[in-house]
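S.K.: Sequence:
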Amino acid sequence: MADLAIFNRDEFSMTSLSAAIQRAPYVPQLLGQMGIFTPDRSRTTTITVEEKGGVLSLIKSSQRGAPIEEGQGEGRRVKHFSTVRLARGKTLYAHEIQNIRAFGTTSELQAVQDEVADIMNGKTGLRAAMELTHENMRLGAVQGKVLDADGSELFNWYSGFDIKQPDEINFNLASATADGGEIRKKCNEVVRAMVRASHGAWLPGQTYAAALCGDNFFDDLVGNPETRSTYLGQQEASELRNDVGQAFSTFKYGNILFINYRGTDDKSTVAIGSDKCHFFPVGAPEAFKAGFSPAEFLPFVNTPGQDVYALIVPDKDRQAWVRPEVYSYPLFMCTRPGMLLRAKRG
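Going by UniProt numbering, the sequence shown opens with residue 1, and the numbers climb by one from there.
Derived by calculation from the structure, the hints in this document are not laboratory data.
Glycine included, every Cβ here is placed at the ideal spot set by N, Cα and C.
Among these hints, one or two may not hold up.
Cross-link-like lysine-lysine pairs, in silico, DSBU-like; alpha carbons within 30 Å at most [unchecked claim]:
no.	residue 1	residue 2
1	252	344
2	316	145
3	267	90
4	344	276
5	289	316
6	344	123
7	316	344
8	79	90
Computed beta-carbon distance windows for the label pairs [said to hold, decoys possible]:
no.	residue 1	residue 2	range
9	192	216	37 to 45 Å
10	286	181	47 to 55 Å
11	88	177	49 to 57 Å
12	182	149	37 to 45 Å
13	111	88	19 to 27 Å
14	182	33	27 to 35 Å
15	152	228	37 to 45 Å
16	22	48	23 to 31 Å
17	180	274	36 to 44 Å
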């Protein structure tokens, strides 16, 4: 019979479990798959960002031999932001493993490891819950405001970088006509605003605009007379119908990749408002960062932060249970929130 003493083995140590959970296969959510967040693995509890305020200006002509004008240096500000702590555990009681027969030490060990692995890495396990939480924070970062699980605001990147959030754009999809080109004009407005706010982060041939759409916004976008004919008639239509990651569907129009964001099935936990659309850059160097701090336990002090940590806490008084736990210390941020735009279907 399995015994709780088995959890004293090296296989269940904090460092072994943390290494194992990093290796375990899992499916990241859509924004995690897109790879727009640059990892920043800090050895401290803060992430540092250097903000440069340089502006390109014209050079006035001058006479040969005359004194030349002095170039203006870039204004630089260093900002420090603290990571947050995410943690969850699930108790495994003695009676849940007492009937695991020991057909030799290896079999017993493997059986108990399977129980722990299911808690840690199962479809509804602790790792999956942590990835969903990370996705919720990524979703907040591409909208400029990162929210906690209860809906309260953790970070506002507009105020964090002292800029005003751009006004919402009315796409007025209901009034679009086949030959009016109104939606394309709105797309041009979005791309131009994004490029101007990039401060050099928009790289031609690499950076492009993407948009996460709610269901109603996306349906009206692809179903109205202007875009419907384009979707069905262009040679690239077959390519545009390909899904991106876990999106319901995608459509490229006006140099913007529109993504019908799937989110969670309750349409509220991790979701885009049904009538809304949020624009963000893809391929803009370090426009988004994913900072991670080390765990609060001695084996990891002053080491580069990992995405997630795992450990097992035993019941030392009665040996009635053990508690697998996962921890993460992330900071999902947008360093150029001026590039983030939003729209309503109208």
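S.K.: Of the numbered hints stated previously, which ones are contradicted by the structure, given in increasing order?
M.R.: 2, 5, 6, 7, 8, 9, 10 and 17
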